[in-house]
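S.K.: Just so it is clear: in the sequence shown, position 41 is 47 by my numbering, and no numbers are missing.
Just so you know, the hints here were simulated from the structure itself, not pulled from any lab data. Heads up, a few of these hints could be off.
Claimed, not checked - Below, computed lysine-lysine pairings styled on DSS-like, alpha-carbon distance capped at 25 angstroms:
{"no.": "1", "residue 1": "Lys-189", "residue 2": "Lys-230"}
{"no.": "2", "residue 1": "Lys-10", "residue 2": "Lys-38"}
{"no.": "3", "residue 1": "Lys-343", "residue 2": "Lys-278"}
{"no.": "4", "residue 1": "Lys-121", "residue 2": "Lys-74"}
{"no.": "5", "residue 1": "Lys-190", "residue 2": "Lys-10"}
{"no.": "6", "residue 1": "Lys-74", "residue 2": "Lys-237"}
{"no.": "7", "residue 1": "Lys-237", "residue 2": "Lys-190"}
{"no.": "8", "residue 1": "Lys-74", "residue 2": "Lys-190"}
{"no.": "9", "residue 1": "Lys-189", "residue 2": "Lys-74"}
{"no.": "10", "residue 1": "Lys-278", "residue 2": "Lys-237"}
{"no.": "11", "residue 1": "Lys-278", "residue 2": "Lys-230"}
{"no.": "12", "residue 1": "Lys-189", "residue 2": "Lys-343"}
{"no.": "13", "residue 1": "Lys-230", "residue 2": "Lys-190"}
All values derive from a computational prediction rather than experimental measurement.
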Amino acid sequence: MTVKEIARLAGVSIGTVDRVIHGRGRVSPETKERIEQIIAHSGFSPNPIARSLKRKEPYHFVALLPEKSQDSGYWGQLAQGIQTASEEIAVLGIQTTIVEYDRYEVGSFREATQKVVSLHPDGLVLAPILPEESRRFIGSIQEEVPTVYIDADLPGTTPLCAIHQNAFRGGELAGRLALLFSKKSPEETRWGLLVPHAEDYHIQQRRNGFLHFASSVRMPVVLKEQVLLEKPEEAQAVLEELAQCHPPIDGIFVTSASAHRIAEAVLRAQQKDRLTIIGYDLVPRNHELLLQGAIDAIISQRPETQGRRGLLELYRHVVLGQRIHHHHDIPIDLFLKENAPPLVERGERIEAKLNKEQCYDQP
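Make the full structure from the sequences, and use the hints.
M.R.: Written out as C-alpha cells, the structure is:
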C-alpha cells in the first residue's frame, strides 16, 4: 500500500499521512489514530529510498582494505568490486570511501582505523586479515557501525554479514588436484606446501584443508610456513630449499596470490618440466603465467564479486532496512590454461557477465 492509498482511505491529504509517519507537524488525535490503524492493518512501511533522499546528511559507507597493489594486486580487484557497487548506489546520494593501509605495518592499520572512526561511517566493509588488530578494532566499534566482512571470516566476532569462500574446502581441492596432477599413487606423491601470511585465518584454513586431504590419502607433504614470497630473491631461496628435499617433490601449492613468484623462480631454474604449480587468485601475473603454462592451476574466489556484494549488502541493510543473510559462501572457481578467460577480459568484466545477478541470490 502506498501513502496515496492510505490518504484516500483515511480521507486526508498525503501531507497529513506523511506527518503521521514521520512524527512531525500537528495532526488531530482522531485523524492520527485513524491513519495509524490503516497503516497497522496494511503492513505499510515507509519507502526507505525516499527516506534516504530526505536525510540532511547522505549515507556514508567506508571500506577498509590493504593497499590495492599488495598481494600481487588482489586487493585492487576487491576494491574494483566495491567501486562498481558505489557507482550503482551513488545516484541515491550515498557516498563510499575506501581507506587503505599497508598490511605489513601494524601502525599503518591502526592509523587507517582511526581515519575510519573519524569519518563516522553508517556502515563498514572490512577484510579482517590481521586477526588480532581486527578484533580490537571491531570490538571498539561493533555497537555503533554495522560491519560486513569480505575475503575472510574472523572467529569470535559477530559481523552483520560475512562474504567469503570456504577456505578449508579450497585447500582440500588443491590437495586433490595435486594428487591428480602427479599421476602417481598417494604414497609415491610428494608436494611442497608454501604458507605465506600464516597468521591470516583464511590462509590457515587453506593449509588445513590441503593437509587434511593429504592425510586422508597418506600423501607426504613438505610444509613451509611464514615463507616470504614478495620479492624474486625470496622465492628463489624458497625454491632452492625445496630442491634439497629427498625424495624430490612433484609440485608446489602456494596458499596466497604469490604463486607467480615461485613459477618465475622455477622457470629461471629450468625445472618446470618436473614441477607442477598450483596457486590461488587470478591476479594479473598469475593469470599471465597460467595462460603460458608456467602455472598449472589457479583456484579463484571472485574478489570483484565479493567487493560488490559486500557494499550492496550493507546498502540493503542500512538504507533499505532489509534482512540480509549472515553468510554468503563464494563458489570455488578452478582455472586451467584451457578455461582461463583472455587477459583483456579478466576480473569483474568476466564476473559481471556471469555472476552479477548473484548479489541478491539466496544462499
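S.K.: Take the hints in turn and mark each one as holding or not.
M.R.: Here is what the structure says about each hint:
A C-alpha spacing of about 23 angstroms is found between Lys-189 and Lys-230, which places the hinted pair at or below 25 angstroms, so the restraint holds. For the proposed pair Lys-10 and Lys-38, the alpha carbon gap of about 16 angstroms is at most 25 angstroms, so the pair holds. Among the hinted pairs, Lys-343 with Lys-278 is consistent with the structure: their alpha-carbon atoms are about 15 angstroms apart, no more than 25 angstroms. Among the hinted pairs, Lys-121 with Lys-74 is consistent with the structure: their alpha-carbon atoms are about 18 angstroms apart, no more than 25 angstroms.
Between Lys-190 and Lys-10, the direct Cα distance comes to roughly 73 angstroms. Violation of the 25 angstroms bound is thereby established for this hinted pair. Taking the CA atoms of Lys-74 and Lys-237, the gap is near 17 angstroms; set against the 25 angstroms cutoff, the hint holds. Straight-line distance between C-alpha atoms of Lys-237 and Lys-190 comes to about 33 angstroms, which puts the hinted pair past the 25 angstroms bound. Annotation: proposed proximity of Lys-74 to Lys-190 is violated, straight-line Cα distance about 40 angstroms (limit 25 angstroms).
For the given pair, Lys-189 sits about 38 angstroms from Lys-74 by alpha-carbon distance, which is inconsistent with the 25 angstroms threshold. Distance restraint check for Lys-278 and Lys-237: the Cα-Cα separation of roughly 20 angstroms lies within the 25 angstroms cut-off, and the hinted pair is therefore satisfied. For the suggested pair Lys-278 and Lys-230, the alpha carbons sit about 20 angstroms apart, so the restraint of at most 25 angstroms is met. Between Lys-189 and Lys-343 the CA atoms are separated by roughly 19 angstroms; this keeps the pair inside 25 angstroms, and the hint holds.
This hinted pair checks out: Lys-230 and Lys-190 have alpha carbons roughly 23 angstroms apart, not beyond 25 angstroms.
Of the hints listed earlier, those the structure fails to meet are numbers 5, 7, 8, 9, in rising order.
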